Amino acid sequence: MADMDTALKEAMQIDGAVGAAVVDYTSGMALGTLGSSKSLDLTVAAAGNTEVVRAKMRTLEMLKLNDTIEDILITLHKQYHLIRPLSGRNSQGLFLYLALDKGRANLAMARHQLRRIEEDLHV
30 MADMDTALKE AMQIDGAVGA AVVDYTSGMA LGTLGSSKSL DLTVAAAGNT EVVRAKMRTL
90 EMLKLNDTIE DILITLHKQY HLIRPLSGRN SQGLFLYLAL DKGRANLAMA RHQLRRIEED
150 LHV
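Residue 106 in the working numbering sits at position 77 of the sequence shown; the count goes up by one each step and never skips.
Think of the hints as simulated: they come from the structure by calculation, not from any bench. Note that the structure is a prediction, hence the values are computed from the model and not measured. Hints should not be assumed to be uniformly reliable.
Claimed, not checked - For lysine-lysine, the following BS3-like pairs were computed, each having C-alpha atoms within a straight-line distance of at most 30 Å:
| hint | residue 1 | residue 2 |
| --- | --- | --- |
| 1 | LYS67 | LYS107 |
| 2 | LYS85 | LYS107 |
| 3 | LYS38 | LYS67 |
| 4 | LYS131 | LYS38 |
| 5 | LYS93 | LYS67 |
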(Lines of atoms letter the chains of each structure in order from A and count residues from 1; the text may use other names and numbers.)
(Lines give C-alpha, C1' and ligand atoms only; values in the text may rest on other atoms or scores of the structure.)
Protein backbone atom coordinates (compact mmCIF):
# COMPACT_ATOMS: atom_id res chain seq x y z
CA MET A 1 0.00 0.00 0.00
CA ALA A 2 1.25 3.42 -0.94
CA ASP A 3 0.70 6.63 0.98
CA MET A 4 -0.37 9.86 -0.71
CA ASP A 5 3.16 11.23 -1.19
CA THR A 6 4.34 7.98 -2.76
CA ALA A 7 1.27 7.86 -5.03
CA LEU A 8 1.90 11.43 -6.22
CA LYS A 9 5.57 10.64 -6.92
CA GLU A 10 4.53 7.54 -8.88
CA ALA A 11 1.99 9.59 -10.86
CA MET A 12 4.69 12.09 -11.78
CA GLN A 13 6.80 9.21 -13.16
CA ILE A 14 4.15 8.57 -15.83
CA ASP A 15 5.44 9.69 -19.24
CA GLY A 16 4.32 13.24 -19.96
CA ALA A 17 3.13 14.01 -16.41
CA VAL A 18 2.94 17.74 -15.70
CA GLY A 19 1.11 17.71 -12.37
CA ALA A 20 -0.72 15.39 -10.00
CA ALA A 21 -3.03 15.87 -7.04
CA VAL A 22 -5.19 14.01 -4.57
CA VAL A 23 -8.39 16.02 -4.17
CA ASP A 24 -11.34 15.97 -1.76
CA TYR A 25 -14.36 16.60 -3.98
CA THR A 26 -16.64 17.38 -1.06
CA SER A 27 -14.59 20.49 -0.25
CA GLY A 28 -12.67 21.06 -3.49
CA MET A 29 -9.38 21.13 -1.60
CA ALA A 30 -6.21 19.47 -2.81
CA LEU A 31 -4.88 17.22 -0.03
CA GLY A 32 -1.58 16.82 -1.81
CA THR A 33 -0.02 18.10 -5.04
CA LEU A 34 3.13 17.56 -7.02
CA GLY A 35 3.98 19.26 -10.27
CA SER A 36 6.66 20.66 -12.49
CA SER A 37 4.73 23.27 -14.46
CA LYS A 38 4.49 26.94 -13.56
CA SER A 39 1.58 27.29 -15.98
CA LEU A 40 -0.62 24.79 -14.11
CA ASP A 41 -1.91 25.88 -10.70
CA LEU A 42 -2.87 22.56 -9.14
CA THR A 43 -5.00 24.11 -6.40
CA VAL A 44 -7.11 25.92 -9.01
CA ALA A 45 -7.27 22.73 -11.10
CA ALA A 46 -8.36 20.75 -8.03
CA ALA A 47 -11.20 23.16 -7.26
CA GLY A 48 -12.33 23.34 -10.89
CA ASN A 49 -12.24 19.60 -11.45
CA THR A 50 -14.22 19.11 -8.27
CA GLU A 51 -17.13 20.71 -10.11
CA VAL A 52 -16.66 18.26 -12.99
CA VAL A 53 -16.77 15.27 -10.64
CA ARG A 54 -19.78 16.59 -8.74
CA ALA A 55 -21.68 17.25 -11.98
CA LYS A 56 -21.00 13.75 -13.28
CA MET A 57 -22.02 12.19 -9.95
CA ARG A 58 -25.30 14.12 -10.04
CA THR A 59 -25.89 13.05 -13.64
CA LEU A 60 -25.39 9.38 -12.76
CA GLU A 61 -27.87 9.82 -9.92
CA MET A 62 -30.47 11.56 -12.10
CA LEU A 63 -30.17 8.87 -14.74
CA LYS A 64 -30.54 6.24 -12.01
CA LEU A 65 -27.52 4.41 -13.36
CA ASN A 66 -26.29 1.81 -10.94
CA ASP A 67 -22.65 2.39 -11.91
CA THR A 68 -19.51 4.18 -10.82
CA ILE A 69 -17.07 6.48 -12.61
CA GLU A 70 -13.84 4.74 -13.57
CA ASP A 71 -12.18 7.89 -14.87
CA ILE A 72 -12.94 11.16 -16.61
CA LEU A 73 -10.81 12.39 -19.50
CA ILE A 74 -10.60 16.01 -20.56
CA THR A 75 -8.68 16.54 -23.79
CA LEU A 76 -7.14 19.93 -24.50
CA HIS A 77 -5.03 20.93 -27.49
CA LYS A 78 -1.78 20.44 -25.58
CA GLN A 79 -2.75 18.40 -22.52
CA TYR A 80 -4.77 15.48 -21.22
CA HIS A 81 -6.40 15.81 -17.82
CA LEU A 82 -7.31 12.53 -16.12
CA ILE A 83 -9.62 12.40 -13.11
CA ARG A 84 -9.93 9.09 -11.28
CA PRO A 85 -12.31 8.88 -8.29
CA LEU A 86 -10.87 6.69 -5.54
CA SER A 87 -12.90 3.62 -4.74
CA GLY A 88 -11.30 2.42 -1.52
CA ARG A 89 -13.31 2.20 1.66
CA ASN A 90 -11.32 4.96 3.38
CA SER A 91 -11.02 7.16 0.31
CA GLN A 92 -14.63 7.93 -0.57
CA GLY A 93 -14.99 11.53 -1.71
CA LEU A 94 -11.45 11.72 -3.11
CA PHE A 95 -10.05 11.65 -6.62
CA LEU A 96 -6.67 11.46 -8.29
CA TYR A 97 -5.98 14.19 -10.81
CA LEU A 98 -3.23 13.92 -13.41
CA ALA A 99 -2.30 16.47 -16.07
CA LEU A 100 -0.26 15.18 -19.00
CA ASP A 101 1.61 16.84 -21.85
CA LYS A 102 -0.23 15.50 -24.89
CA GLY A 103 2.91 15.38 -27.03
CA ARG A 104 4.83 13.19 -24.58
CA ALA A 105 2.10 11.03 -23.04
CA ASN A 106 0.71 7.66 -23.97
CA LEU A 107 -2.91 7.99 -22.84
CA ALA A 108 -3.63 4.25 -22.64
CA MET A 109 -0.51 3.63 -20.53
CA ALA A 110 -1.25 6.65 -18.33
CA ARG A 111 -4.78 5.37 -17.62
CA HIS A 112 -3.40 1.91 -16.82
CA GLN A 113 -0.70 3.29 -14.52
CA LEU A 114 -3.12 5.66 -12.76
CA ARG A 115 -5.49 2.73 -12.13
CA ARG A 116 -2.62 0.76 -10.55
CA ILE A 117 -1.65 3.75 -8.39
CA GLU A 118 -5.28 4.16 -7.28
CA GLU A 119 -5.50 0.47 -6.34
CA ASP A 120 -2.34 0.71 -4.19
CA LEU A 121 -3.17 4.05 -2.56
CA HIS A 122 -4.16 4.07 1.09
CA VAL A 123 -5.35 7.44 2.39
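Hint-by-hint comparison with the structure:
no.	hint	in the structure
1	LYS67 with LYS107	holds, 15 Å
2	LYS85 with LYS107	holds, 24 Å
3	LYS38 with LYS67	holds, 18 Å
4	LYS131 with LYS38	holds, 19 Å
5	LYS93 with LYS67	violated, 41 Å
Hint 5 from the earlier list is the only one contradicted by this structure; the remaining hints agree with it.
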